[in-house]
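Novice: Residues per chain are reported as follows:
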Amino acid sequence: MSESTVKARPATESPTPFDVEQVRREFPILTQKVHGKPLVYLDSGATSQKPQRVIDAVSRFYSHENANVHRGVYALAERATAEYERARARVARFLGAADPSEIVFVRGATEALNLVAQTHGRKYVGVGDEILVTAMEHHSNIVPWQMLAQEKGARLVVAPVDDTGVLSLEELERRIGPRTRIVAVTHVSNALGTVNPVRRVVEMAHARGAAVVVDGAQAVPHLPVNVSALGCDFYVFSGHKVFGPTGIGALYGKAARLDAMPPWQGGGDMILSVTFERTLYNRVPYKFEAGTPHAAGAVGLGVALEWFAGLDPAGLHAHEQDLLTYGTERLSSVPGLRLIGTAADKAPVFSFVLDGVHPHDVGTILDREGVAIRAGHHCAQPLMQRFGVPATVRASLALYNTRQEIDALVTALARVREMFR
Amino acid sequence: MSDLEDLYQEVILDHGRNPRNFRIIDGASADAEGLNPLCGDHYHVYLKLEGDRIADLSFQGAGCAISKASASLMTSALRGKTIAEAEDLFQRFHKMVVDGDRSQAENLGKLAVLKGVCDFPTRVKCASLVWHTLHSALQGEHKAVTTE
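So the sequences go chain by chain: G and C.
Note that this note's numbering has the first sequence beginning at 1, numbered continuously upward.
Note that this note's numbering has the second sequence beginning at 1, numbered continuously upward.
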């Protein structure tokens, strides 16, 4: 059912140089006006916008290929299944997995983390064991482990971050002990933009026999990710944050890990045979895909990843780093603005507070200027507590953003100051 | 006046910056906590009852200008009112900010400055949070209320 080999991209295919205006033309939503002003979308950390080709792929699947996957013997069902499995192979190739069977389709990163906690976690974590997370985790990479720890009588241990929003590797290593079973770490912080040295974390954890779960939700839209090079046991991401549809995401698990895990949800597709006495489970990855999957979403995700991976990686990186540098400079010049998260290695994410104005009020005023940002705790309340703020304003950028849009943000912030003079 | 200026009127900015009744009441007859998990607004409302009359009313906590001004204005407006009068004001206030019935503003005194909130659907919860919290305190429900 699954493609047994991962095809490498042909070496002859050299990408055209990165051109932000050309990229923007792929995204129909970006041309609209909001409150009479051009939309400046700076909330890609919450969800990215979708290129027309992804929207078309989902529509095409429903228009021409729709049937339930892995079930029918007729031509349409075969085509739908082939498309779904092609999408899996595309995800595997995108992440640098050894085989498509290491990719489990899920609803998103949150579901993937819960899956790992409820299967791998429940099997290997016991009384007195420890699960290590970092202080910059999203609630999705805290709560599933907390639930597991409570159920098993295990302990949740937290590795701290410094005042610039950088994870202290020394402090992290000190917290990996003989009872540490799982280290759960984000690749890129959703609230701060910090890029974590995941490979080093993997080395440290593996040296002590702990498995590593990486939350890649915020990393995949910005960094080239290769799970084989990282060496992590599990890597999760959400399709909608990397230009794909909502409701689809992926869990990568090393083949040996996935094989050893008990199934999670029971139902169709995850079985080989069922009697009232006994059920035989399907092989991986199907063992973890109970019920009819979001096949159209998977197809859309596959198209999104192919498109994204086909962009000039050096040009893309240079563009995002330019946005980061320019944005940091411009925002630092705004009176009363304090940036939170100033790591040297960062994705283009600006989290900040403005003297005397609550982020929620900033959000409303910016919206009236067409600027869409997120105001709140970004599902990272422990991190907000660490920095002593109840909430921040977060402008999270993606490859389609421009310097002009950062200017529009700064201009809109001046409007906030006018209102709250 | 733009809808933004209608929302952030001087009175609101003033109450947001210098909230009235921003304190704890020692020996309060009732209190309750209110949370907006979306934006992290977090308030605690305290009240002292004498019979069915609200003798004192105060709040503490953190949040946006709208939620704080709403708390400040509410605690000022309701002192000395009976519980029935407070409930009646809550109904009118609710009609004004949630249902967008601006005619209610005429009978709401200073609370009327919050009428612009109805044009900002995402901010309605900010204005109503402390009212729901007060309601919970009056009902003697000690669990935290949320806007979700």
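Hints are not guaranteed to be accurate.
Unchecked claim - Examples of chain G residues lying across from chain C (beta carbon under 7 Å, computed):
| hint | residue |
| --- | --- |
| 1 | HIS358 |
| 2 | HIS360 |
| 3 | GLY376 |
| 4 | HIS377 |
| 5 | ARG386 |
| 6 | PRO390 |
Said to hold, decoys possible - Label pairs and their in silico Cβ distance ranges:
| hint | chain 1 | residue 1 | chain 2 | residue 2 | range |
| --- | --- | --- | --- | --- | --- |
| 7 | G | LYS37 | C | ILE24 | 41 to 51 Å |
| 8 | C | PRO121 | G | GLN150 | 36 to 46 Å |
| 9 | G | ARG415 | C | ARG17 | 17 to 27 Å |
Claimed, not checked - Incomplete in silico selection of chain G near chain C, CB under 10 Å:
| hint | residue |
| --- | --- |
| 10 | GLY356 |
| 11 | VAL357 |
| 12 | ALA375 |
| 13 | GLN381 |
| 14 | MET384 |
| 15 | PHE387 |
| 16 | ALA391 |
| 17 | ARG415 |
| 18 | MET419 |
| 19 | ARG421 |
Bear in mind the hints are in silico, worked out from the structure with no lab data behind them.
A virtual CB, placed ideally from N, CA and C, is assigned to each residue, including glycine.
Novice: Evaluate each hint against the coordinates.
Specialist: Results of checking the hints against the structure:
1. HIS358: OK, holds: HIS358 of chain G within 7 Å of chain C, min 4 Å.
2. HIS360: 4 Å, holds
3. GLY376: Interface hint status for GLY376 of chain G: holds (5 Å vs cutoff 7 Å).
4. HIS377: Hint on HIS377 of chain G: holds, closest Cβ of chain C at ~5 Å, below 7 Å.
5. ARG386: 14 Å, violated
6. PRO390: 5 Å, holds
7. G:LYS37 / C:ILE24: 41 to 51 Å: For LYS37 of chain G and ILE24 of chain C the Cβ distance comes to about 43 Å; the hint holds.
8. C:PRO121 / G:GLN150: 36 to 46 Å: 37 Å, holds
9. G:ARG415 / C:ARG17: 17 to 27 Å: About 18 Å separates the Cβ atoms of ARG415 of chain G and ARG17 of chain C, which means 17 to 27 Å holds.
10. GLY356: Where the cut-off is 10 Å and the nearest Cβ of chain C is about 7 Å from GLY356 of chain G, the hint holds.
11. VAL357: 7 Å, holds
12. ALA375: OK, holds: ALA375 of chain G within 10 Å of chain C, min 6 Å.
13. GLN381: Cβ of GLN381 of chain G sits 7 Å from chain C, so the hint holds.
14. MET384: 7 Å, holds
15. PHE387: Hint violated; PHE387 of chain G Cβ to chain C Cβ min 13 Å, cut 10 Å.
16. ALA391: Holds. Min distance 4 Å.
17. ARG415: 9 Å, holds
18. MET419: Since chain C brings a Cβ to about 5 Å from MET419 of chain G, closer than 10 Å, the hint holds.
19. ARG421: 9 Å, holds
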